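The primary structure of each chain is shown beneath.
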Amino acid sequence: EAGVAQSPRYKIIEKRQSVAFWCNPISGHATLYWYQQILGQGPKLLIQFQNNGVVDDSQLPKDRFSAERLKGVDSTLKIQPAKLEDSAVYLCASSLVRDIQYFGAGTRLSVL
Amino acid sequence: GENVEQHPSTLSVQEGDSAVIKCTYSDSASNYFPWYKQELGKRPQLIIDIRSNVGEKKDQRIAVTLNKTAKHFSLHITETQPEDSAVYFCAPGAGSYQLTFGKGTKLSVIP
Numbered sequence: 466e467a468g469v470a471q472s473p474r475y476k477i478i479e480k481r482q483s484v485a486f487w488c489n490p491i492s493g494h495a496t497l498y499w500y501q502q503i504l505g506q507g508p509k510l511l512i513q514f515q516n517n518g519v520v521d522d523s524q525l526p527k528d529r530f531s532a533e534r535l536k537g538v539d540s541t542l543k544i545q546p547a548k549l550e551d552s553a554v555y556l557c558a559s560s561l562v563r564d565i566q567y568f569g570a571g572t573r574l575s576v577l
Numbered sequence: 099g100e101n102v103e104q105h106p107s108t109l110s111v112q113e114g115d116s117a118v119i120k121c122t123y124s125d126s127a128s129n130y131f132p133w134y135k136q137e138l139g140k141r142p143q144l145i146i147d148i149r150s151n152v153g154e155k156k157d158q159r160i161a162v163t164l165n166k167t168a169k170h171f172s173l174h175i176t177e178t179q180p181e182d183s184a185v186y187f188c189a190p191g192a193g194s195y196q197l198t199f200g201k202g203t204k205l206s207v208i209p
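Line order of the protein sequences matches chains A and B. In the numbering used here, each residue carries its 1-based index in the first sequence increased by 465. In the numbering used here, each residue carries its 1-based index in the second sequence increased by 98.
Just chain B, same shape as in the assembly (with noise of 0.2 Å):
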């Protein structure tokens, strides 16, 4: 099965800042790359994905880049606000789309 970690595990940015966290992934078959934050108490919802023939992908202060061939990808937050503050779960998946998700970062970002 898919093994995957993320680094950090947790992260505290000044508001402003930019925050970066790292997904390591072992399975060379995965092709379906989507970063999920979940607020306390909240259903994790989709921030930002990319599928494997695509490098990078930016959406306003979010992006992520993969490298497939080192098997990570990173989720990009720049110009960090308060509301950015919660945990973030890298997923990525495979053919039928079924996800691993890691253990989750939870970024604090401080006003």
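For reference, chain A alone in the conformation it holds in the complex (with noise of 0.2 Å):
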């Protein structure tokens, strides 16, 4: 079975530009989740779909962060424009209804 796929692995930008991730989830898996991990800590979750439609997106910084995923297969998670801050690991996560969830590899994120 594949598993969750996330690209690009690394992603270099200077402060102010944008940068657009993008995540593939199990075949199958209806919810899917988008994570920011900062060094150091744990994975905080920004968004979550069911299916085409937002569950939570409460922690989603909305003046900066997009995210969609059309036709309730894959999603992108966009910056626009990034700060400083923004730099970690974005991972991707997908599950079936109220299961267990499988992370991607995650995309490292440096603004300079």
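There could be a bad hint or two in this list.
Pulled a few chain B residues facing chain A out of the computed Cβ check, cut under 8 Å [to be verified]: (1) Arg141; (2) Pro142; (3) Tyr195; (4) Gln196; (5) Phe199; (6) Gly200; (7) Lys201; (8) Gly202.
Across the chosen pairs, the derived CB separations fall in these ranges [unchecked claim]: (9) A/Leu535 to B/Asn151: 46 to 52 Å; (10) A/Arg529 to B/Lys169: 42 to 48 Å; (11) A/Lys548 to B/Gly114: 44 to 50 Å; (12) B/Glu181 to A/Leu549: 32 to 38 Å.
Bear in mind the hints are in silico, worked out from the structure with no lab data behind them. Bear in mind that the values here come from a model prediction, so they are computed numbers and not experimental data. Built from N, CA and C at the ideal position, the CB exists for glycine as well.
Take the two lone chains, each set in its own frame, and fit them into one complex as the hints suggest.
Printed below as a string of structure tokens:
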């Protein structure tokens, strides 16, 4: 069974630039999550999708972050404009409804 | 929202000894209690989980115990090996299984 795919693996940008991350969940998983993991901390949930609807985006900084999951499969997370404090690993996870979450390898973002 | 605390933040044990990590949470609605292991530069991986109708679960050298009354659950690793060295996160969840991760415990197993 293929796992959660994320790209790119690494991204370096200047502050105030924009960046986008892509996630392809495990086939059949209706629920998709985006987490932000700052170095030395646990992952923090940014947004949760159920199919193509948003379940929770209460911790998403909506002035600069946006996410979509068109057709209920792939998802993209965008940051515009990026700040220095956005440097982190962005993890995507997927699950069946109310079940174990499986994580992708993440995208490591460095904002200079 | 859920407040999650893990103790200790770092733990060093000799190979073959046992390790115990405790997680306390605040939301009484939490009903799912997983532990994730994250090796350096890798993705978090589920190593064991327990649901609120069970008090203890064991899988070979790893066990999780739950005390819902006191709102804490613990990870127990016996006969530790160098490959157990990693950061361990508890992540209690409720309802739609939104997880709130603790800050992590860095376990070092000394050969």
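Going through the hints against the structure:
1. Arg141: Constraint on B/Arg141 satisfied, holds at 4 Å.
2. Pro142: holds, 5 Å
3. Tyr195: holds, 5 Å
4. Gln196: Interface hint status for B/Gln196: holds (6 Å vs cutoff 8 Å).
5. Phe199: holds, 3 Å
6. Gly200: Hint holds; B/Gly200 Cβ to chain A Cβ min 6 Å, cut 8 Å.
7. Lys201: Holds. Min distance 5 Å.
8. Gly202: This hint holds: B/Gly202 lies near chain A, its Cβ roughly 5 Å from the closest one there, short of 8 Å.
9. A/Leu535 to B/Asn151: 46 to 52 Å: Since A/Leu535 and B/Asn151 have Cβ atoms about 38 Å apart, the given range 46 to 52 Å is violated.
10. A/Arg529 to B/Lys169: 42 to 48 Å: violated, 35 Å
11. A/Lys548 to B/Gly114: 44 to 50 Å: Holds, since A/Lys548 and B/Gly114 (Cβ atoms, about 46 Å apart) stay within the stated range.
12. B/Glu181 to A/Leu549: 32 to 38 Å: Given range 32 to 38 Å: holds, Cβ gap about 35 Å.
In this structure, the hints that do not hold are numbers 9, 10, in rising order.
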